[in-house]
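Asker: Let chain C serve as the given structure and place chains H and A on it in line with the hints.
Residues per chain, in single letters:
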Amino acid sequence: MENKNIYEPYMMRIAKITDEAPFVKTFRLEFVNPQDAENFSFHTGQFGEYSVYGEGESTFCIASPHTRKGYIECTFRQAGRVTGELASLEVGDSMGFRGPYGNIFPVEEWKGKNLLFIAGGIALPPMRSVIWTCLDTRENFKDVTILYGAKSVNDLVYKHELKEWEERPDVKLVTTVDPGGETPEWKGEVGFVPTVLDNMKPNPENTIAIVCGPPVMIKFTFPVLEKAGFKDEQIYTTLENRMKCGLGKCGRCNVGKVFVCKDGPVFSRTQLKELPDEY
Amino acid sequence: MEPIIKIIKSASLATIVDKLKGRYPRLYAPVKKQELVELEVINGFNDIAQDYLLTTQSVKKLAFPRVEKILDYTLQKGNIQQQSPDTSNFPETVLFGIRPCDASGFRSLTAIFNGDKPDEFYKSRYEKLIIISFACNKADAYCFCTSVGGNPGNTEGSDIQFTPVDNDEMLVEILTEKGKAVADLFSDLLSDCDKPVDKQAYLANVPVVFDVNKVIDNTTKSFNNEMLWINQSLRCIGCGACAFVCPTCACFDIQDEQNMKQGARLRLWDSCGFSLFTLHTSGHNPRHIQSHRWRQRLMHKFSYMPEQLKVVGCEGCGRCSRACPVDMNIKEHLLQIAEL
Amino acid sequence: MSDILINKVKQLLSDKAIDIFIGHGEGTGGRIRPIFVRTPEDAEQLIFNENCKQSWANYLLKPEVKAAGKIGMMATKHALRAMMQLASEFQIKDNEVLALYWDNNELKSSADFKEIEAYLASQNHDILPHEQEMIDKLNAMTTQERWDFWQKEYEKCIKCYACRSACPMCYCHHCAAEGNQPQWIPVASHQLGNMDWHLMRAMHLSGRCINCGACAKVCPMHIPLNLLTYNLITPIQQEFGAIAGMKHDATYALSTFKTEDKENFIL
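Chains as they are written, first to last, in the numbering used here: chain C, 1 to 279; chain H, 1 to 340; chain A, 1 to 267.
Please keep in mind that the hints were generated in silico from the structure rather than gathered at the bench. Some hints could be false.
Said to hold, decoys possible - The list that follows gives simulated cross-link-like pairs (lysine-lysine, DSSO-like), each with its CA atoms no further than 30 Å apart:
| hint | chain 1 | residue 1 | chain 2 | residue 2 |
| --- | --- | --- | --- | --- |
| 1 | H | 261 | H | 77 |
| 2 | C | 219 | A | 66 |
| 3 | A | 156 | H | 123 |
| 4 | A | 152 | H | 21 |
| 5 | A | 77 | A | 114 |
| 6 | H | 128 | H | 9 |
| 7 | H | 69 | A | 152 |
| 8 | H | 221 | H | 310 |
Next up, chain C with everything else stripped away, as it sits in the complex (with noise of 0.2 Å):
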């Protein structure tokens, strides 16, 4: 039965908790009652809103694929009043969360295509579920590239996948992390993403590049993918704004005429185009 009452959370218990970074963690969150656990499903790109009782609602993605059922996980910096309360949490505690919510990566469009993931910094969680996704279904794709870039080798998150997905033989992966953040034993790139990109010359040839990361990077890394020959449509990214009844009813999320809540958070470039700067 769905909720009459749409802001009613699902209740959570967080089975396993990662730390990833310093103040960066994911959760592993199990439905307290079977029966949602039963009813819930999302695909990749969506999100939820995520609460510590008495203190609010935060909006993050669903950093696991939904090829994996039964729990979820969130991955969050530590930066307000709510994500302060979340990092406070223990396993077995209990939160909740809202969703799913926001469209979806066209995953299923993509098969038989390369796929060439670039991310920057906490950025990896909303790419994660995408990789995942595919990753599980590897058969699908073609060539898979990873291009992930993080201020300092302290600051990448989920350090034990990266390390899975560098030793798989049907993933090419690379780091960087930007100069002054390497330590003496970093093996990967230095330099920021969009550089390493233009260094990398991708081909566009069948391939669709998905770009998660601060607003600053995804600036300079369109005209990198754009040089290489990438089509708009061949490009995709997610937005974030404020959010906070991910229902399309609260107002603040929009840009211009569309909800980033509702009709995001995943936009193809060509959309992109047609949306006006407010982002």
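Answerer: Only chains H and A this time, still in chain C's reference frame:
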């Protein structure tokens, strides 16, 4: 249903109020409170303001209150229990003497709240409203309902409408089944209309100042006209008065309040005019200056809502202009946009 | 008076002495509204009469106004005091804002803090009689009566924050009402949230309020908010000898230690 037209003696209004009071648990009407006219629970006809143009605040608070509890919970470490507030028992509420622009304002609110995922709180409260409006026989310099598709005798959204047609008589239009059930309470006071009444002749004269379609087209086209928005909003001080008195503004905030044992999640009025409305935790703000926030206010009402919800998000009541501390007269601004 | 003002502003704009002028203009149905004049032709819209009592000092820090260039402003006594107070809080600099003001029917202009201070010193700054009467009435009430009075007033508040937006001294980019770690002031516009908000605001304005009354004038719910801040003016003056907005280099009474400060509050 086909409206039923009747006539009533104005002197019978007091009896009607008494009958409504006896039948319905809550009866709201405009009440004069010093400089304000507010929609309040009344005890009898004498509480009702005699001479008023509009209530200071709109009627939206009866379906979309300033503070709405949307979730209750108890907080015990390891054992949090949550419960949704009961929405099935909101009392039947009669709104007596509100204006047509208020009654029709529910169209926008309903489009936003009910939409594809209905908001039970709004929906249940609105369903319990019985709206008895009074057509306007006067208007002021801020009124412009006729420019946005309304008029001083607009019956949309009303269950019954009264129009003062003569010194001692009123035209009664019974417009809905709900209205009919209410009118049955005082059917003995209603008489038939012998001859057709020219309602229009008794209504306030509110001249049409602009073509709303031009406003819709031109706002839609003007997103990047930075100087237009800066010039219009230079004197805007970024408060929320306009949004809070507006009958159609529905933007809201969600906040938790708790003590050590229990808490509640609240839905609160919010305004796109506030700088914090869209501020990201990172410090980035997509609408970082007031002109962008003013643009949002007009674009939302006159471009996004018409396109997506098929309603213009404005009733032309002029409350925002009256409440504005710096006299941002929306009618003037819309006229300027229509003439672009 | 309007003509003298118009000619003066025309000249200032054509001489490029200022880029934008904030003045009084005709609003809806006889209301006065702030207008922003950028060209000599537009100066024709300026008016000045006995109804032009509003202070526009709250615009001096607005980014879009500052972006227009050098600012000129028709300044009432309250606007000038707001300027001095803003200067003492390092929000505007000497010779940054050109103020036009009437001194015995003569239109003067100055951006010089010393000159403005001298003018202010020559003026009477008493609270208007009817406002003093209200304050006296409030002070004569019992604590319970005063509590009830304010509770009734706070009940009307819709938390539109017009009081804050209109106040020349409420210029914080991030207001204490919006700090949420911890959440000092409940966000909701209920009885407690409203009372906390107005008391907090009054406290933050104690010793800074220049009694322009804008908070009350702009309140759409007609709450006499100025009585809250006015009532703090006398104690600050009595305890610390400080009056806000009279000197550009005044130190803030509540954050400045002086050896001669009274210590009678220490038990």
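Asker: Against this structure, judge whether each hint is valid.
Answerer: Checked hints:
no.: 1; hint: H/261 / H/77; in the structure: holds (10 Å)
no.: 2; hint: C/219 / A/66; in the structure: holds (29 Å)
no.: 3; hint: A/156 / H/123; in the structure: holds (26 Å)
no.: 4; hint: A/152 / H/21; in the structure: holds (26 Å)
no.: 5; hint: A/77 / A/114; in the structure: holds (15 Å)
no.: 6; hint: H/128 / H/9; in the structure: holds (28 Å)
no.: 7; hint: H/69 / A/152; in the structure: holds (23 Å)
no.: 8; hint: H/221 / H/310; in the structure: holds (18 Å)
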